[in-house]
Amino acid sequence: MWGEYLQNVTGAEVWRAARYANPRAGTTVEALTDRDGKQVNTSLEKEDMLRHESFPPNACNQHYELPTAGSPHKCAPEQAVEGALFSQSLKEAPRPDKLSFGTIRLLWKWDKERIVRLTRAAIPKRRHPAVWKRAGHLDIPKPGKNHYTKLRAYPSILLLICVGKVVEKVSAELPSQEAERRGLLSDGQFWSREGLSAIDAAAIMVDRAHAAWTNGNITGVLLMDIMAAFPSVAKERLVNLSKVRKMDGDLVQWTESFLSERTVEMIIEGNSMERHPVEAVVRQASPVSLILFAIHTSGLINWVKSMYQRPRGYPF
Amino acid sequence: MATGNDVNHVVWILERCAAKSIEWACRRRLQFDTAKTEAALFTRRLGHRKNILYKMTAKITVRNVSILYNAQATRWLGVWMNAYLTFKEHHNRCMKKARAAEDRL
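The listed protein sequences correspond, in order, to chains A and B.
By this note's numbering, the letter at position 180 of the first sequence is numbered 184, and the numbering carries on one by one without gaps.
By this note's numbering, the letter at position 102 of the second sequence is numbered 103, and the numbering carries on one by one without gaps.
Since the hints were derived computationally from the structure, they do not count as laboratory data.
Positions of the beta carbon are idealized from the N, C-alpha and C atoms, including for glycine.
One should not assume that every hint holds.
To be verified - Cut-off 30 angstroms, straight-line C-alpha distance, at most; resulting in silico cross-link-like pairs (DSS-like, lysine-lysine): (1) A:Lys95 with B:Lys97; (2) A:Lys247 with B:Lys21; (3) A:Lys102 with A:Lys116; (4) A:Lys42 with B:Lys37; (5) A:Lys250 with A:Lys309.
To be verified - Stretch-level coverage of chain A by chain B, calculated; a stretch enters the list once three of its residues show a Cβ under 8 angstroms from a Cβ in chain B: (6) 196 to 209; (7) 230 to 241; (8) 297 to 310.
To be verified - Partner residues are not named here, just some residues of chain A that face chain B (Cβ under 8 angstroms, in silico): (9) Gly224; (10) Leu226; (11) Leu227.
For reference, chain B alone in the conformation it holds in the complex:
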């Protein structure tokens, strides 16, 4: 998790953290699953429409693989988080599950 003034700064920190983590893991013969690596951006407002694309298309390079920020909500530890941290997606999914359980009763 990294904070910064703008997207490029955050990308810069995360890329270096990823590189350091991979270096640490290689020494211990551990391996990160690049296919499962995800990135998410949390911001109060994505800003003007012309800036949205710029922010969400910023790429993080991990082991020569470019990872885009998730445009939709990201699931982490069972919690669905979107860019504004409003938890709408999480709420909707929980309600859907609850309704399905209610219908079964």
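Chain A on its own, in the form it takes in the complex:
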């Protein structure tokens, strides 16, 4: 009967039949085991374990005071907003408002002035609206793993609100320019800097190794990885650091607003769980995260170099 149906199927029915004919990955998350060997079975327990793994508590008791308002900034040109919107992939899944980049592109055609004004207002108002600070969090099993009971088999994917991402992308330019202007980033910093890439870092390292060989020396490198890099950034420390380095008041205030009152909604086995506030505020998926993390760790290379003049570091 199924074979007969497949023979006679036409039009859109073909795609419907394909959904049943092709094997699909299951959405069920197996019983999970954390690093300490504790096992959880229910959805609520899994949600709690995955949330703590992805957004570890980041207790920082530093006191901070916001600086006074800064200088007025140049408005982002319309082309920059358009570029930020149209450079995003249409395949990105939106959450929780479900407005995809495709939908916002349609809105751009009808009323682009509204999106431009919204983007331009972010820094001068020194506020990132709370509605854009809500995220969805999805854990999709990594293909090819032998065991799906370990947390590492579930890479986390953060789903952000698309309009917020456009604003973040445009706004990220200002902290980058400010960091460059005030020399906040170390010379060895290649990541998140305009005009520099991973290839430049590799080329410079090779060049320095060749130069050492010419002088009859040998070169050694130590590659170190910061564990849970983005979630480890503490808002209080970042704000204090930005203030000490004399970053513009508007930018510091916007950054503080951007990093405050974040909430996340975990999606377990296709079901949305309860929304929770999170302390780990710098996120992998955000365009601003790169420059904020670069500022946060900018002191490392200078610290090592101040002790030993010869070594060079290339953070990525």
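Position chain B relative to chain A; hints supplied.
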């Protein structure tokens, strides 16, 4: 990245840099993933056969964990680098990927 006259000198510098980095990170409640820490040695020639073992078995101690120099190519920022920086491994892998893509077409 450190340069020196011999392996021991390079190991000495890198160990102290690692210790300083960890000290800096601890103050900011950051942590380095020791399991992902790698070391690589770049030299024009590894020298006479009897010296190869001595060079490649030199250990760098980071937080009481001994890290050996990678005997094979090391991947950094998507580039595979071997001890002589000839990029043979990188070339081979890129060609393999390109051939696989060609076969799919």
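*Which of the numbered hints above does this structure break?*
none
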